[in-house]
Amino acid sequence: AQSVAQPEDQVNVAEGNPLTVKCTYSVSGNPYLFWYVQYPNRGLQFLLKYITGDNLVKGSYGFEAEFNKSQTSFHLKKPSALVSDSALYFCAVRDTRRKLIWGLGTSLAVNP
Amino acid sequence: DAGVIQSPRHEVTEMGQEVTLRCKPISGHNSLFWYRQTMMRGLELLIYFNNNVPIDDSGMPEDRFSAKMPNASFSTLKIQPSEPRDSAVYFCASSWGSTENTEAFFGQGTRLTVV
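Listed in order, the protein sequences are those of chains A and B.
Positions -12 to 99 (my numbering) are the ones given, in order, by the first sequence.
Positions 1231 to 1345 (my numbering) are the ones given, in order, by the second sequence.
Keep in mind that the hints were calculated from the coordinates and are not lab data.
Among the hints, erroneous ones may be present.
As the list claims (entries may be wrong) - Computed list of lysine to any residue pairs in SDA-like fashion (alpha-carbon distance at most 25 Å, straight line):
(1) K9/A to K45/A
(2) K56/A to S73/A
(3) K1254/B to R29/A
(4) K1308/B to I88/A
(5) K9/A to K1308/B
(6) K1254/B to G40/A
(7) K86/A to G40/A
(8) K86/A to N1280/B
(9) K36/A to S13/A
(10) K86/A to F1335/B
(11) K86/A to A1297/B
(12) K86/A to G1258/B
(13) K9/A to G1258/B
(14) K36/A to H1259/B
(15) K36/A to N17/A
(16) K56/A to L35/A
(17) K64/A to A(-8)/A
(18) K36/A to A1232/B
(19) K86/A to Y26/A
(20) K1254/B to R85/A
(21) K36/A to I1235/B
(22) K86/A to V1344/B
(23) K86/A to P1300/B
(24) K1308/B to V1344/B
(25) K45/A to A(-12)/A
(26) K1298/B to P1238/B
(27) K86/A to R1271/B
Starting from the given sequences, assemble the full structure and let the hints guide the process.
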């Protein structure tokens, strides 16, 4: 079955430390992968995507993600976390029916 | 551009009443999506329009839900009759071009509470 997993419901990190939010996927064919962020009482905002090419994708607000085909992962990273990065993060993958499959989200808390 | 605009932001209604949610996509976008978000089920795609035509409504829970897109700048999601289990945040999103590799822009959502 085609799916996306975000294994951590919550991630806590100190301000200034690097952060990683994990995502693994299962999909037939070449995956199209996305990360979105949701701030409280707001809609989702696009951060970055992997379609093809370089495995390291750079996105908005200093975030980047690394596509790893052998591990079927697309982890979101940032070298130095900010308190303002605290939000809900969603990973999504386009399946063979051209629909987005969404993870359940990971709540990131950056502590000052 | 003001982005995707949804109204109302909050709706509280009694069970059995009709509820209509509204969405204005970003000008020039040709794809529109309605999503429902709950704690238990996360983000679910309800229906997807392309060039005002419903392409995939397999996510619509049941016949009580209906969606229309009479023109490129307006869409509605209607629930009739509403039930408490319909309580959720409903998002509208729009995008341009192929849905395979194009990011979607989301509205701020409508928080629906059915009592």
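Hint check results:
Restraint check for K9/A and K45/A: the C-alpha separation of about 16 Å stays at or below 25 Å, so the hint holds. Restraint check for K56/A and S73/A: not satisfied, since their Cα atoms lie roughly 28 Å apart, outside the 25 Å limit. As the CA atoms of K1254/B and R29/A are separated by approximately 16 Å, the hinted pair is consistent with the 25 Å bound. For a cut-off of 25 Å, the pair hint linking K1308/B to I88/A stands: about 24 Å separates their Cα positions.
For the hint pairing K9/A with K1308/B, the CA-to-CA distance comes to about 36 Å; that exceeds 25 Å, so the pair is violated. For the hint pairing K1254/B with G40/A, the CA-to-CA distance comes to about 34 Å; that exceeds 25 Å, so the pair is violated. A threshold of 25 Å between alpha carbons decides the hint, and for K86/A with G40/A the separation of about 22 Å falls inside it, so the pair holds. Straight-line distance between C-alpha atoms of K86/A and N1280/B comes to about 13 Å, which keeps the hinted pair within the 25 Å bound.
For the proposed pair K36/A and S13/A, the alpha carbon gap of about 16 Å is at most 25 Å, so the pair holds. The straight-line distance between the Cα atoms of K86/A and F1335/B is roughly 15 Å, inside the 25 Å bound, and the hint therefore holds. Of the pairs offered as hints, the one joining K86/A and A1297/B holds, with about 18 Å between alpha carbons and a cut-off of 25 Å not exceeded. Distance hint between K86/A and G1258/B is fulfilled; the C-alpha atoms sit about 21 Å from each other, no more than 25 Å.
With a C-alpha separation of about 34 Å, the suggested pairing of K9/A with G1258/B is violated against the 25 Å cut-off. A hinted pair counts as satisfied when its Cα atoms are at most 25 Å apart, and K36/A with H1259/B qualifies at roughly 19 Å. Taking the CA atoms of K36/A and N17/A, the gap is about 13 Å. The hint holds against a cut of 25 Å. Using a Cα cut-off of 25 Å, the hinted pair K56/A and L35/A holds, with the two alpha carbons roughly 17 Å apart.
Between K64/A and A(-8)/A the CA atoms are separated by roughly 16 Å; this keeps the pair inside 25 Å, and the hint holds. For the suggested pair K36/A and A1232/B, the alpha carbons sit about 23 Å apart, so the restraint of at most 25 Å is met. Between K86/A and Y26/A the alpha-carbon distance is near 24 Å, which keeps this suggested pair within the 25 Å criterion. Straight-line distance between C-alpha atoms of K1254/B and R85/A comes to about 23 Å, which keeps the hinted pair within the 25 Å bound.
A threshold of 25 Å between alpha carbons decides the hint, and for K36/A with I1235/B the separation of about 24 Å falls inside it, so the pair holds. Proposed proximity of K86/A and V1344/B is contradicted: the alpha carbons are some 29 Å apart, above 25 Å. Restraint check for K86/A and P1300/B: satisfied, since their Cα atoms lie roughly 23 Å apart, inside the 25 Å limit. This hinted pair checks out: K1308/B and V1344/B have alpha carbons roughly 13 Å apart, not beyond 25 Å.
Note on K45/A and A(-12)/A: the hinted pairing is violated, with a Cα-Cα distance of about 29 Å set against a maximum of 25 Å. In summary, the hint linking K1298/B to P1238/B is supported, as the alpha carbons are separated by about 17 Å, within the 25 Å threshold. Only pairs whose Cα atoms come within 25 Å are accepted, and K86/A paired with R1271/B is accepted, the gap being roughly 17 Å.
This entry does not satisfy hints 2, 5, 6, 13, 22, 25, going by the numbered hints stated previously.
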